[in-house]
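Engineer: So the chains spell out like this:
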Amino acid sequence: MSDATTEQLVAVCALEDIDREGGVAALAHGDVVAVFRTYDDHVHALSNYDPFGHASVLSRGIVGTRGDRPFVASPLHKQAFDLRTGVCLDDDTVRVTTYPVVVRDGQVLVGPASGTGRA
Amino acid sequence: MSPHLRKRLVVVGHGMVGHRFVQAAVERGLSETYDIVVLGEEVRAAYDRVALTSFFEVGADRLSLLPGGVYDDPRVSLRLGTSAASVDPATRTVVLTTGEELSYDELVLATGSAPFVPPVPGHDLEGTFVYRTIEDLEAIRDAAAGATVGAVIGGGLLGLEAANALRQLGVETHVVEMNPRLMSAQVDDAGGRILAGHVEKLGLTIHTSKATERIEGDGRVTGLTFASGETVPLEMVVFSAGVRPRDQLARAAGIAVAERGGVLVDEQLRSSADHVWAIGECAAPAGRMYGLVAPGYTMAEIVVDALLDGAGTFTGADMSTKLKLLGVDVASFGDAHGTTADSVDLVFSDAVAGVYKKLVISDDGKHLLGGVLVGDASAYGLLRAMVSSHMELPANPEELILPASSGASAVALPAEAVVCSCNTVTKGEIEGAVDGGCDSAACVTTCTQAGATCGSCKPQVKKIVEDYFTSQGVVVDRSLCEHFSMTRAELFDVVLVHGYRSFDEIVQAHGRGRGCDICKPVVASVLASQLNGHVLAQDNRPLQDTNDAFLANIQRNGTYSVVPRIAGGEITPEKLIVIGEVARDFGLYTKITGGQRIDMFGARMEQLPAIWKRLVDAGFESGHAYGKALRTVKSCVGSTWCRYGVQDSVAMAIALELRYRGLRSPHKLKGGVSGCARECAEARGKDFGIIATEKGWNLYVGGNGGAVPAHAQLLASDLDDNTLVRYLDRFLMYYIRTGDRLQRTSTWIGALDGGLERVREIVVDDALGLGSELEAAMARHVDTYFDEWKATIEDPEKMRKFVSFVNAPGTPDPNIAFDTSRDQIVPSPSAGPVSLGATISVRES
Ligand code: SRM
Ligand SMILES: Cc1cc2nc3c(=O)[nH]c(=O)nc-3n(C[C@H](O)[C@H](O)[C@H](O)COP(=O)(O)OP(=O)(O)OC[C@H]3O[C@@H](n4cnc5c(N)ncnc54)[C@H](O)[C@@H]3O)c2cc1C
Ligand code: SF4
Ligand code: FES
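Chains as they are written, first to last, in my numbering: chain A, 7 to 125; chain B, -4 to 840.
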């Protein structure tokens, strides 16, 4: 998050708009971004595009933990992606794009793509 | 006469043993040298006589040992409905009752035995029966329909089985036994008393030490008079007073028979006439006849062996037996009566609990010789195998029969111990099947036959398979996932007992971490089954799979399908038009599903509320195509229109679909109702299938299409509407409570200890006393049902979720695009995420 300057951040919604352990899809920087909120109120943003299912759906997956890694399972075929790094936990050669994200004054702000996926 | 090069082998009798003989003969290549001709007096091919009683439940087809009635090997010809009238060993000919003559090179008699009917006056009145063939059972069933009281003469193994069957046919049943105790061949006095207690609890009236003087009646049976003079009025009598070998062919041909009947044969089953063999119940090796199937199978194998010049011999057999009576465990094995010199008995008896166990042990205390188990025969498989393998007893043999002891499980059988005596399968062979790739007891049964005949060894087979997995370090892990080390059924109980209402409470008290895509939907389903709240209630929403979260099925391109309920497949023209209009107006692809309804595909998530608003306004409701819930109850047109229909299958299907709609379960649930036995609704392919009869409805359960198809099995027959619904309520709720995640009813029944029988005990006999609780749970579901889609479109909070983008609710996701095929939309393939560039306007928040 440190590499996104304040000017590059766009507000997408209020933190309250996202269910705990849920996700929403947002448009930011021209991309479809999936923004997730964990049980302890951390917020993460990934590309919404599932590289296995080839569809824009990740924000609709179930959020949980594997060990202590927070993840989202694709609603299509259940592959799990680490919310922090975008790396697929079932196949670490696949990674989805991550976006820097901060919560300021109850608003969720998303920066331009940082980690680029290979999909 | 043309010289015939091939020899001919004639088998008389196509029963269980005759059939096994032919199988073994073909397998071992005997048909390379012989043409085999099999004569069967009965009109049907061999069937499983051991399981005869289940004819009432499963029908004749399921009992057949040779479905189709033809052997694959063209050199075997099976002539059914054909009896041998006489045999001439001098000319080597068999004469049929039709007069036809058949020459043979070798003759195998496998004529079985016939029930013994004591020659009391009145034994041949109308209303008297025996219990040996499918035709006998058909006649008993027909007579039972018009009878209220009946008697079974003979309190042995078969008599009790027949008596229980009679009772289940709704006849008040008396059991008459000359001996002072039931099953005198198998149990001793103390065991007999405890057995009598159990049998009486089943509702049978027992008369021991009573001789039948006379059967009363003028043409038809009206009563039964004992030697004491006392008369019981009744309408039907079943004789089960033992069997007599059918040795008449041999007797008439001058072939030696044993003193107590049966064709006298040597250790290789040769009779006194050259080229004539006898096997099965008609044979008496060393003068003794064996009334069980396992020794007959062994005899069959030995004759095949002998005809191939093998040296196998028959040296007696394991006479262990286990009673197949509902709810009463009785078993005897080995030297049950302690006839071995100097043997000692070890007895555990608890009259209150109705448990009696006796072990007969050799005088040096080292070996188990036999025993009797009444009330709890769980150790039967193990103990029987210990006897047959002559293994040494553990230091404290009493551990083997004390209640709840761990002793029995600690005993390790040697590899050569015979676990299945019907099919002579050893522990080593069972483990070998696992090495060969079997991953379950069911698979082991298929590939080794262990457990395939009388079934009494099944628990032992299962245990050996599980222990073997464990010994190889394969942990049979029953945890749901890394967050919960319990099964769905255990979780269900935990939630029920504690009354939890949220995932957080449950995971904090009984799990770890924050859950995952496996346990969250399970918890959601369990909560839904118990509370029947809205699946999208605030706390539950993140637990749901996307299908439940958006009340629609996700498709490959991220769009959804829409399936309104069309109960029973019945729909008015007006409603059909509405579906057509909605699909047209929203540009959806339409297809008739395999579940008798209409699916509309390609709806964007944000379009779902508007689509459903139209449908709800027109009187539609959710079809739950997305839920692990009731899907459809398929119907045929039934008696309203069909010239064959005997009940209104459409009305019943609709009533059931509406009763169980929205019911969340371990996996999806499907039903079917057919108006007659032609079964046009394919009801037996469903989790619950109902087929109309003249008298009401037959209820079948555990059917499945899908990956592992299964036909549903008959649970109960001729039910009236109310009883049908009551049984279904119990069945479904019991499944919901105890089923595993993603376990359809067919696999659930297969995995239940006791299988379908267990289901019947709980659902029909209410053996656990759970009936009213299960019915009440279902009544709660029915009373609290509401349409999820209607409730969703009326609730702004829930509607907020149906937006494409949180910051651009009206903008369609550019990743979704369609092509056209056969005049309808289809998803366009996607190569990667579509970027809109930074130009699109987004809402400032
Ligand atoms: C639409 C339909 C095919 C069709 O065009 O006819 C269909 C479509 C799907 N079936 Fe099916 N099944 C459909 C009838 C069937 C039938 C036939 C029937 O019900 O008479 C069967 C076999 C019968 C049975 O279930 O025993 C069937 C056996 C399955 C199975 C295998 C289940 C099993 O026990 O092995 C699955 C996979 C699963 O559920 O895990 C499945 C799963 C699916 C899913 C839900 C797969 C998915 O997760 O996306 C499909 C999406 C449905 C949708 O988007 O609406 N579908 N599916 C049928 C909808 C029926 C309805 O009106 O509700
Ligand atoms: C209700 C019931 C329950 C049982 N339960 C058990 C159990 O739990 N365990 C167990 O081990 N055993 C059990 N048995 C016994 C078992 O069924 C028999 O041991 C077995 O069927 C014997 O096989 P078989 O081929 O010798 O005789 P059968 O199966 O009786 O076959 C003989 C066949 O030969 C035919 N036949 C006779 N004469 C002629 C002729 N002249 N020409 C042509 N055909 C002829 C008969 O019609 C018959 O079909 C049970 C039996 C019954 C009736
Ligand atoms: S199952 Fe029977 S009643 Fe129903 S449509 Fe078929 S033939 Fe007619
Ligand atoms: S002992 Fe009868 S099937 Fe195994």
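Take these hints with a grain of salt, some might be off.
To be verified - Capping the alpha-carbon separation at 30 Å, the derived lysine-lysine pairs in DSBU-like fashion look like this:
| # | chain 1 | residue 1 | chain 2 | residue 2 |
| --- | --- | --- | --- | --- |
| 1 | B | Lys608 | B | Lys690 |
| 2 | B | Lys663 | B | Lys793 |
| 3 | B | Lys570 | A | Lys84 |
| 4 | B | Lys796 | B | Lys785 |
| 5 | B | Lys608 | B | Lys796 |
| 6 | A | Lys84 | B | Lys796 |
| 7 | A | Lys84 | B | Lys793 |
| 8 | B | Lys785 | B | Lys570 |
| 9 | B | Lys586 | B | Lys570 |
| 10 | B | Lys458 | B | Lys586 |
| 11 | B | Lys785 | B | Lys663 |
| 12 | A | Lys84 | B | Lys458 |
Worth flagging that the hints you see were computed from the coordinates, not collected in a lab.
Being a predicted model, the structure only gives us computed values, none of them experimental.
Engineer: Enumerate the violated hints, using their earlier numbering and listing them in ascending order.
Structural biologist: 1, 3, 10 and 12
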